[in-house]
Amino acid sequence: MSPVRRLLHVSRPEWPRLALAAFLGALAIGCAVGLLATSAWLISEASLRPPILTLEVAFVAVRAFGLGRGVFRYSERIVGHDAAFRSLTRLRVLVYERLAQLGPSGVPVFRRGDLLTRLVADVDASQDLPLRVVIPAISALLIGTGSVVLAYWLLPAAGIILAIALVIAGVVVPWLTTIAGRRAERRSAMTRGRLSSEVVEVLVGSGDLLAFGTADAAIDRARETDRELTKLSATSAAASGVASALSVLAIGTAVVTSLLVAIPAVLDGRLPGTALAVIALLPLAASEAVVAMPSAALSLASVRTSALRVSEVLDAPDVVHAPAVPTPLPTGERSLQLRDVRARWAPDGPWTIEDITLDLPPGHRVAIVGPSGAGKSTLAAVLLHFLDHEGSATIDGVDLADVSDDDLRSVVSALTQDPHVFDTTVAENLLIAKRDATDDELLAVISTVHLDAWFADLPNGLRTPLGAHGTGMSGGEQQRLALARVLLADRPVVVLDEPTEHLDTATADALTTDLLALTQGRTTVFITHRLVGLAEVDEIVVLEGGRIVERGRHTDLVTAGGPYSRALALDVQAGDL
Amino acid sequence: MKPLDPRLLRYARSTRAFLVVAIVVGALTAVLVVLQAYALADIVTGTFQHGLDVDALRPALVALAAIVVARAALAFLSDWAAQRSSARAKSQLREGLLAHAVQLGPVRLAQHRTGELATLATRGIDALDAYYARYLPQLVLAVIVPLVVGLTILGLDLLSAVIIAVTLPLIPVFMVLIGMYTSSRVDRQWRTLGLLSGHFLDVVAGLPTLAVFGRAKSQAQSLRNVGEEYRKATMRVLRISFLSSLALELLATLSVALIAVSIGIRLVNGGMDLRVALVVLILAPEAYLPLRMVGAQFHAAAEGLGAAGRVFDVLDEPLPVVGTRTDVPPMLGARFRFEGVSVAYDDDRAPALERASFVIEPGRVTALIGPSGAGKSTVLSVLLGFIAPSEGCVQIESAEGVAGILDNFDPQVWREQVSWVPQSPYLAAGTLADAVRAGMPATDDEVAEALREAGLPIDDAALPFGLATPIGDAGAGLSAGQRRRVALARALLRPAPLVLLDEPSAALDLETEARVVAAVERLRASGCTVVVVAHRPALVAIADVVVELPTVVVEGAVLS
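If you read the sequences in order, they're chains A and B.
Count the first sequence with our numbering and you get residues 1 to 577, in order.
Count the second sequence with our numbering and you get residues 578 to 1137, in order.
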């Protein structure tokens, strides 16, 4: 199924509303056509000076058409937007459910903020499909057909002429515009890319350019590229001009040729004289039906790009599979065991971690260290069952792959690199971890994670909004809020996945101390690339290239002279003054 | 939004030429519209009333065909000119922006979120195409056509002209009135709408967090509910804001209907000629058409102007007054005396550097230390002439005893004697050698030597293509550490007597740091004055003077 068709399919329950909007849109244009056609007939007839009563219906019709156009247009926009918003919600829910199923590890959007923003923008852009493509196109089709039928009924030849003109203006011209646009885009893509990096260089790198006296040269380069781009745009300007001209020409020719066939028809009595003005003016009025089609074609092209990216998410392969029939967890003491576990991100990709064997009896605390790319976060994903594994990874004897998601979450919680602060109140942000926590519990946990000073400054206490529309938080404060969630959830097993990654060293070291102190007594997997403060954990596991290269207690490893002791020397030196 | 932003005329000069074209095209279009109505009326009445055949009507039919061709030609001209002018205007805006940006300097420019600005200046202002192609010409037509058409109708039928003259001005009046009435209601809804529309992004971004607590799946229902709320709230706003276009359409079509009815009645009564009636009937909708089109194109145009507006904001920022003296004394052996130097970026925020007084001694290594936000990098910005002190001054005493104030010198000339390793260097796309040379003429051997000194020997396995190693935009393909080493090499290659290093050893391993320290010592040995913003002990250890910001000077101190 093509990505655009898929979008349409998602909005299927809204099709009746879309159809109604398109029908109302057709009525609005129909009123314009009707107004001009009826008026033309009316004054032709009136010039024959019949008794005025015979024209009464026409007088009423003209006024009704005059009134109807605005009213129908207004209703069309209301119904159309309503349907578009309903479809948007459906698509949002569908995308979200798919993302939830894929899990945080399944798609790259959670690793790069710009991809996430773009995905959300792409989903939002899908509104253009009903509003700017489907509704105008159906309206145009309905009213175009109606006008052609009317002309054909009056004089068959005029109907055929009108049909040809409308197809040229409403189908051929938009199609040509789209093709020309795509060509121009392809031709200028390279130059555009170059210009864009040159503009970025001057704006972002102005310091470097000025300091080394190369700013003028960089501006000259950008100017040269800009000239080239302007020159390239000349062809597409001509194409766009030709398209506009063609539209005008098609409708104008229809007027002239309709007259050429209608004049003899009037003279030999096949067409009543009063219909001549109608035949002459009908193409002008009906052209309004197709006037929106070139921009509809452009909208369709951009919706297609967005739909393609949305489809990529919907079609992304699963990296984790929920058990068909989950095995209930026995009431055990919650010990985890990994035996020769390996895992990878793509079904046929290279193994990111291999031969991982790890014992986590209750209360055991282990630190996983190693350079970036060693497989630390992959191990975390396996422990949280965000990623499928091979080998045996069990909790109280049941493999993680057979445990239901709810059961696993009631045992294991985690603190990630970038915990999200939701755009809601402090309380709501914490209640994610424990729905029924009391205010006293929340206040207590805020104090436990040493957020008292920050909390004291909040204007509305627990009801203060945070996140995008609320109070900003520093990176350290965000991590402490996330730690508060973990403590509130009160799970026996905690995975700490590089919680200090984006913090400066002083903040990081203070947080590390608190993390280790506050998770005391729980089974803890502490993943970090900084080796400070690990003296008290039960075991340190050094990962490199996805395999365990060294393991043991801090005191033993320091003297072992292996990778750990070498890396430690560097990290202690790197501490800030 | 102003219909025609005067700043567009000022910063994008091609707009003026385009306006002239649009006015000429608009006037010709208006005349052709009138002529077309006459031709149609003549042909219809010729056959209908006088029984003329195609041969007898040939002149009128040929005239009509000629009008059609002429209108097509005008459509081509208008569209083509719009695209060309738009391309030129965008180019002019970009050119102006880049020139202005460089003159503002990196410190002031940083207030404008440069990454976003760059996107706006390339993709963003593409939305101006719609402004030029569809909005401006319609705006011109909306002024000319009603006037020409209205006067023509006035000459034919007073009553119809009066209907147009009364209703046409009502359209903008009503739109403004309805706009004023609705804007307060719309504004009230706006905050709610903003909150609701961000919800999807918020929930998707928070999905990993929700998943950890097993709450990801339950959020789908909340998305559904918020989507419903958003729809209802938006529809409440739209029901009001679509009213203005309802008023426009109603007025426009009802007036045409009124005119049709009134001429119909007069025709029946014998008070009017069919030819005149037809001309009036064909022309009446044309009087309203451009105004309706302007309304329809308003949003597309607003988007383009919005993007351009952000560019104007930068262009409107006044340029700093910079020194003009080009007789910069040689800096070798020069002393820099900071006398109560404060730097404030803008009035609302605390100064970046406050009353700093210290001396940078010639031929020695001065380390700047202090907590983040103390103004360490700002000191370097002042020495680079990126920003002038808002208070106090930097006195320069050259070896020959010539004194001067840093601000008085032309920064471009001044910077020829300064070399700099920024905190986050920007490397343009090109080869490794290009990045190190940065415009300096130097042999490959010299470049390789500078790289070796900076701790990035080109026979390193990480650089398979040596000096020809390609670098992507903004140093893509190199690690943060490698970028810093390239920036250090770039600075070392430049024979400058004043060398400024901003945290040169951050993100480097011990071995490379040792090379950096050695490089700094070599610079000192060759007589250079070195100022280094330092975090790590190794660099502070070799400093002759340590300046702690806010200013405390420790002579010859060694902190470890």
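Just so you know, these hints were derived from the structure itself, not from any lab.
Where a beta carbon is used, it is the ideal one built from N, C-alpha and C, also for glycine.
Be aware that one or more of the hints could be misleading.
Short, incomplete list of chain A residues facing chain B, as computed with Cβ under 8 Å [what the hints assert, rightly or not]:
{"hint": "1", "residue": "V93"}
{"hint": "2", "residue": "D208"}
{"hint": "3", "residue": "G373"}
{"hint": "4", "residue": "L443"}
Below are the SDA-like pairs computed for lysine to any residue, each with C-alpha atoms no more than 25 Å apart in a straight line [stated by the list, open to error]:
{"hint": "5", "chain 1": "B", "residue 1": "K809", "chain 2": "A", "residue 2": "D216"}
{"hint": "6", "chain 1": "A", "residue 1": "K434", "chain 2": "A", "residue 2": "G475"}
{"hint": "7", "chain 1": "A", "residue 1": "K231", "chain 2": "A", "residue 2": "D216"}
{"hint": "8", "chain 1": "A", "residue 1": "K231", "chain 2": "A", "residue 2": "V261"}
{"hint": "9", "chain 1": "A", "residue 1": "K231", "chain 2": "B", "residue 2": "K809"}
{"hint": "10", "chain 1": "A", "residue 1": "K434", "chain 2": "B", "residue 2": "G791"}
DEER-style ranges, computed between Cβ atoms [stated by the list, open to error]:
{"hint": "11", "chain 1": "B", "residue 1": "T1020", "chain 2": "A", "residue 2": "A453", "range": "38 to 48 Å"}
{"hint": "12", "chain 1": "B", "residue 1": "D703", "chain 2": "A", "residue 2": "E536", "range": "55 to 65 Å"}
{"hint": "13", "chain 1": "B", "residue 1": "A879", "chain 2": "A", "residue 2": "M1", "range": "57 to 67 Å"}
Evaluated hints:
{"no.": "1", "hint": "V93", "in the structure": "holds, 5 Å"}
{"no.": "2", "hint": "D208", "in the structure": "holds, 5 Å"}
{"no.": "3", "hint": "G373", "in the structure": "violated, 11 Å"}
{"no.": "4", "hint": "L443", "in the structure": "violated, 20 Å"}
{"no.": "5", "hint": "B:K809 with A:D216", "in the structure": "violated, 54 Å"}
{"no.": "6", "hint": "A:K434 with A:G475", "in the structure": "holds, 23 Å"}
{"no.": "7", "hint": "A:K231 with A:D216", "in the structure": "holds, 23 Å"}
{"no.": "8", "hint": "A:K231 with A:V261", "in the structure": "violated, 45 Å"}
{"no.": "9", "hint": "A:K231 with B:K809", "in the structure": "violated, 48 Å"}
{"no.": "10", "hint": "A:K434 with B:G791", "in the structure": "holds, 11 Å"}
{"no.": "11", "hint": "B:T1020 with A:A453: 38 to 48 Å", "in the structure": "violated, 58 Å"}
{"no.": "12", "hint": "B:D703 with A:E536: 55 to 65 Å", "in the structure": "holds, 58 Å"}
{"no.": "13", "hint": "B:A879 with A:M1: 57 to 67 Å", "in the structure": "violated, 36 Å"}
Taken one by one, the earlier hints fail for this structure at numbers 3, 4, 5, 8, 9, 11 and 13, listed in ascending order.
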